[in-house]
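A.B. asks: Just so you know, the protein sequences line up as chains R and C, in that order. One point on numbering: in this note's numbering, the residue at position 149 of the first sequence is 149, and numbering is uninterrupted. One point on numbering: in this note's numbering, the residue at position 14 of the second sequence is 1014, and numbering is uninterrupted.
Note that these hints are calculated values from the structure, not bench results. It cannot be assumed that every hint is accurate.
With a cut-off of at most 20 Å between alpha-carbon atoms, the simulated EDC-like pairs for lysine to aspartate or glutamate come out as follows [as the list claims (entries may be wrong)]:
hint	chain 1	residue 1	chain 2	residue 2
1	C	Lys1091	C	Glu1118
2	R	Lys214	C	Asp1023
3	C	Lys1077	R	Asp106
4	C	Lys1082	R	Glu109
5	C	Lys1133	C	Glu1143
6	C	Lys1077	R	Asp58
7	R	Lys213	C	Asp1022
8	C	Lys1077	R	Glu163
9	C	Lys1077	R	Asp164
10	C	Lys1133	R	Glu109
11	R	Lys89	R	Glu110
12	C	Lys1082	C	Asp1072
13	C	Lys1075	R	Asp212
14	C	Lys1027	R	Asp215
15	C	Lys1075	R	Glu163
16	C	Lys1133	C	Glu1118
17	C	Lys1133	R	Glu115
18	C	Lys1133	R	Asp106
19	C	Lys1133	C	Asp1111
20	R	Lys135	R	Asp164
21	R	Lys214	C	Asp1063
22	C	Lys1082	R	Asp101
23	C	Lys1049	R	Asp147
24	R	Lys213	C	Glu1036
25	R	Lys213	C	Asp1029
26	R	Lys135	R	Asp187
27	C	Lys1133	C	Glu1113
28	R	Lys214	C	Glu1035
On a predicted model such as this, the values are computed, not experimentally measured, just so you know.
Chain by chain, the residues:
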Amino acid sequence: MPALREISFTVREGEFIALVGPSGCGKSTLLRILAGLVPPTEGVVLYEGQTQKSVNLDSAMVFQSFALFPWLTVMGNVEVGLEARGLSKMARRKKAAYFIDKVGLDGFEEAYPRELSGGMKQRVGLARALAVEPKLLCMDEPFSALDPLTTLALREEVLMLWEDQTMPVNTIIMVTHIIEEAVLMADRVLVLSSHPGTLLADIPITLSRPRDKKDPVVDELSDNIFSLMA
Amino acid sequence: MEIEPLPQVSASKVIGLLEYLDDSNGKEDIYRLAEEIHYELGELLSVIKMAEMLGLAETPGGDVVIQTLGRDLLKNKMVERKLIIREQLTKLPIFQRLTQFLQESESGRLDRETILEELSRCLPHENIDDLFKTVVNWGRFAELFGYHSDTRMLYLDEESFPSGS
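Same shape as in the complex, but just chain R (with noise of 0.2 Å):
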C-alpha cells in the first residue's frame, strides 16, 4: 500500500501551511518530497513550475528532534549548512552571526549543544535553517520536543520571523499533529487521512493575528479538523 495517494495542492509564495493528520499519515514523508529529499514513487512537486528532481537547494528543514552535532559549537551548527554551499569561511561566520542573532541566540555562540535547553537547541536548529536563505522553510513537527511554555515562545517567535520583511524566507510549511498548533499559526491547514495518506480538506484560516487560543472562533475550526481526522 502507497503512503500517500491523491495528494494535490498549490503553495502560493508567502503562505504559511500547516499539514495536519494523525500519527503515521505519512505528513513528515510528504515534507520530505516537498523539500525533495526523498523522491515519490510516481506523481510531481512542481517548484516555480519545474520538476522538482532532487534536492530542493532553496529550502532547508527544521526538525523535531533538533539534528545538531554534539561536537560542534552553536555557531559551528549553524555555519556547517553554509559550508555545503560553497561560503568561505569569513562569509560563512558573517551569516552564521546575522542570523544567531535574529533567533535570540546571540552570546550563545561558544556553547555546545548539550548546554542548551530544549527551546535554545530548536533555535539552533532555526538558525541553521535560516541562514542558507531559503525561500521554503519546512518544519517537522518543530515543537514537539519542547516543553508546553518553550512552545509558546518559539511559535511567536518563528511567526515574528515569518513575518519580519528582512528575512529571506516568506513561504512555511509545517507539519504538526496539534490541531490547535496549526490554526493559531498557518493560512490553511492541510488535513490528511491515514493509511494511505490521502488529502481530506484544505481549510483557509482567516483571522488575523495574533490569533487568541482562547477566540471561540479558534475552538470552533480546531473542532472542525478534528471531526474530519476522527
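Take the given structure of chain R and dock chain C to it, following the hints.
C.D. replies: Frame of chain R, contents of chain C only:
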C-alpha cells in the same frame, strides 16, 4: 543586599509564561495554569518566581499577573527583548556580585572553580553546579557573561567589560 539564587528555568519558559498570560487577559490562577499547561506546580512556581525577579510578572493572591514590562517585552523583537532582560538582570544582587567579582579579576575572566567557590560562599545551601549553569545561561542570553566550556572560563561580555581589551 541579600543574594538570592536564581530559579533553574530558561528564558524561553519565562517568555512562554508571558505569552500565555497575554492570551489570558494578563492574568491566570496559578493552580489552573499548572493544570492547563500540564506543569508540576513546583516547576511552574520556579518560572513565575524568575518572571517576578525580572519585574515581568507579579503574584497577588493565588494569581500570576503580567506587568507592563512583561507586555513591553512581548511587543518587541528578540534583540530588544534581550536588552530588557539584560537591564533587569543587572539589578539582581547575584549578577551584580559576579560582575564585580569578574571586574576585579585581572582580565575580566575567571575559571569555573573560582566562580563556584564564590557562589558557595554567598549561597552555602544551594546546589552550586545547577546554579552555575543557570547563571551562565541567563548571562549568555542577556550578553552579560560569556562562558567557554572547553577552557571552563567565565568572562564578562565585551559591553560589560570594555576596559578588558
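A.B. asks: It remains to establish, for every hint, whether it holds in the given structure.
C.D. replies: Results of checking the hints against the structure:
1. C:Lys1091 <-> C:Glu1118: holds (19 Å)
2. R:Lys214 <-> C:Asp1023: holds (7 Å)
3. C:Lys1077 <-> R:Asp106: Judged against 20 Å, a Cα distance of about 13 Å means the pair holds.
4. C:Lys1082 <-> R:Glu109: Distance of about 15 Å is within 20 Å: holds.
5. C:Lys1133 <-> C:Glu1143: holds (15 Å)
6. C:Lys1077 <-> R:Asp58: violated (26 Å)
7. R:Lys213 <-> C:Asp1022: holds (11 Å)
8. C:Lys1077 <-> R:Glu163: holds (11 Å)
9. C:Lys1077 <-> R:Asp164: holds (10 Å)
10. C:Lys1133 <-> R:Glu109: holds (16 Å)
11. R:Lys89 <-> R:Glu110: At roughly 16 Å apart (the allowed maximum being 20 Å), Glu110 (chain R) and Lys89 (chain R) satisfy the hint.
12. C:Lys1082 <-> C:Asp1072: Holds: Lys1082 (chain C) and Asp1072 (chain C) sit about 12 Å apart, inside 20 Å.
13. C:Lys1075 <-> R:Asp212: Holds: Lys1075 (chain C) and Asp212 (chain R) sit about 15 Å apart, inside 20 Å.
14. C:Lys1027 <-> R:Asp215: Judged against 20 Å, a Cα distance of about 16 Å means the pair holds.
15. C:Lys1075 <-> R:Glu163: holds (14 Å)
16. C:Lys1133 <-> C:Glu1118: holds (14 Å)
17. C:Lys1133 <-> R:Glu115: holds (8 Å)
18. C:Lys1133 <-> R:Asp106: Holds, at about 17 Å.
19. C:Lys1133 <-> C:Asp1111: holds (14 Å)
20. R:Lys135 <-> R:Asp164: Measuring from Cα to Cα gives roughly 13 Å; hence the hint holds.
21. R:Lys214 <-> C:Asp1063: Roughly 18 Å between the alpha carbons, so the hint for Lys214 (chain R) and Asp1063 (chain C) holds.
22. C:Lys1082 <-> R:Asp101: holds (10 Å)
23. C:Lys1049 <-> R:Asp147: This hinted pair holds, its Cα atoms lying about 18 Å apart.
24. R:Lys213 <-> C:Glu1036: holds (12 Å)
25. R:Lys213 <-> C:Asp1029: Cα-Cα ~17 Å, so holds.
26. R:Lys135 <-> R:Asp187: holds (17 Å)
27. C:Lys1133 <-> C:Glu1113: holds (13 Å)
28. R:Lys214 <-> C:Glu1035: holds (16 Å)
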